[in-house]
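Number of protein chains: 2
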Amino acid sequence: MLEYSEPVSRLIDEFKRLPGIGHKSAQRLAFHVLRLPEERVEDFVSALREVKQKIVFCTVCNNLTDIDPCTFCSSPTRDRSLVCVVEEPYNLVAVEKTRSYKGLYHILHGSLSPIRGVGPDELMLANLFPRLSAENNDGVEVTEVIVATNPTTEGEATANYVARLIKPLGVKVTRIAMGMPVGSDLEFVDEVTMDKALANRHEI
Amino acid sequence: MLEYSEPVSRLIDEFKRLPGIGHKSAQRLAFHVLRLPEERVEDFVSALREVKQKIVFCTVCNNLTDIDPCTFCSSPTRDRSLVCVVEEPYNLVAVEKTRSYKGLYHILHGSLSPIRGVGPDELMLANLFPRLSAENNDGVEVTEVIVATNPTTEGEATANYVARLIKPLGVKVTRIAMGMPVGSDLEFVDEVTMDKALANRHEI
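So the protein sequences, as listed, match chains G and P.
Here the first sequence is numbered in the numbering used here, starting from 5 and rising by one per residue.
Here the second sequence is numbered in the numbering used here, starting from 5 and rising by one per residue.
Certain hints may be false.
As the list claims (entries may be wrong) - Here are the simulated DSS-like cross-link-like pairs (lysine-lysine), alpha carbons at most 30 Å apart as the crow flies:
hint	chain 1	residue 1	chain 2	residue 2
1	P	Lys56	G	Lys28
2	G	Lys106	P	Lys56
3	P	Lys28	G	Lys101
If you are wondering where the hints come from, they were derived from the structure by calculation, not from laboratory data.
No experiment lies behind these values; they were computed from the predicted model shown.
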């Protein structure tokens with residue numbers, strides 16, 4: 005006997021297609037939806053549709069935005085001589101939260117991962133190079149590209165790849181530091197992080 | 005500066021309202037939706053709407069169904085003398101998966117939890133009592149009610165509450181066994197489960 009009626013199974017399947025949602029979570033979410041008032045489901049539906057209708061890639065930095073160029077690229081107060089390269093739009097948010105970075109961004113929408121079939125052509129990197137010269141950047145020469153891809157194998161490979169392409173253009177390329185997270189404990193840190201923390205030590 | 009444009013923030017908020025989805029997961033899901041082809045989003049939208057349009061509570065057992073009474077309640081092959089009481093529709097699936105239970109179900113849609121403000125009136129219990137007599141059950145008297153609420157404080161309280169109401173009607177009420185999960189290891193079992201496993205020991 006089929007345990008769920010067809011519409012319920014279908015909704016469970018739709019939730020399962022979302023990243024990080026397994027069968028049990030999908031079931032739970034579907035039953036949550038079943039108990040929601042109809043207006044709430046319509047709010048959800050319209051939010052889903054609206055992003056597809058209104059959100060585009062910023063032609064300058066590839067950020068997801070409802071105005072092109074995005075608010076970062078068109079802001080008169082940001083430092084146009086700095087470009088921070090990140091993998092995903094939500095990585096940009098992590099950098100913004102520091103409130104210390106005031107430059108521009110470039111979003112790759114991924115990282116090099118041969119195992120997942122992501123090669124250089126899948127990254128949104130081509131439009132980074134024209135940005136670096138003054139004539140394409142409101143008259144400001146880019147002096148430094150900060151590569152803030154993740155401290156993972158994929159992120160490191162991507163950082164090295166980006167650096168290899170940018171350095172010949174005479175622009176400084178830097179990589180965010182790796183080491184002990186602030187507030188952590190040496191007792192629980194993994195050996196690779198500890199190794200980085202030792203290698204990147206600095207005089208006090 | 006607002007990090008996300010309004011439609012993206014709104015979709016993130018909608019995902020955050022779902023149970024078990026925190027801010028980071030909501031971000032990830034929203035960006036996943038942004039990258040989906042429009043048809044896929046429409047499939048999701050129609051699955052969401054369809055459950056709201058087609059799915060109702062079974063008037064007999066409270067199961068979520070697109071036909072009323074549900075396939076269990078209207079099945080001629082199920083044993084109508086047995087009713088298994090569960091908290092949620094997905095708990096029914098766990099019982100069905102055993103393939104050994106052939107009786108009917110009754111879904112409470114919750115468990116007693118004073119801390120979450122769920123009292124007896126919030127449970128869908130009232131329609132259980134008329135089911136127990138033969139005239140309301142296709143001429144078959146219910147002889148046993150199996151209470152398969154979760155082995156938690158709330159589930160136990162609910163089981164005791166249900167039993168206290170049904171026993172005076174002269175119907176046998178049973179509770180599913182608690183003990184060591186099959187395939188587990190005594191080394192890792194918690195003391196409450198171990199205590200139950202000892203208390204419920206049986207001769208071999």
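We went through each hint and held it up to the structure:
1. P:Lys56 x G:Lys28: Holds. Lysine 56 (chain P) to lysine 28 (chain G) sits at ~20 Å (cutoff 30 Å).
2. G:Lys106 x P:Lys56: violated, 46 Å
3. P:Lys28 x G:Lys101: Given that 30 Å is the threshold and the Cα spacing comes to 14 Å, the pair holds.
Violated hint: 2 only; the structure is consistent with all others.
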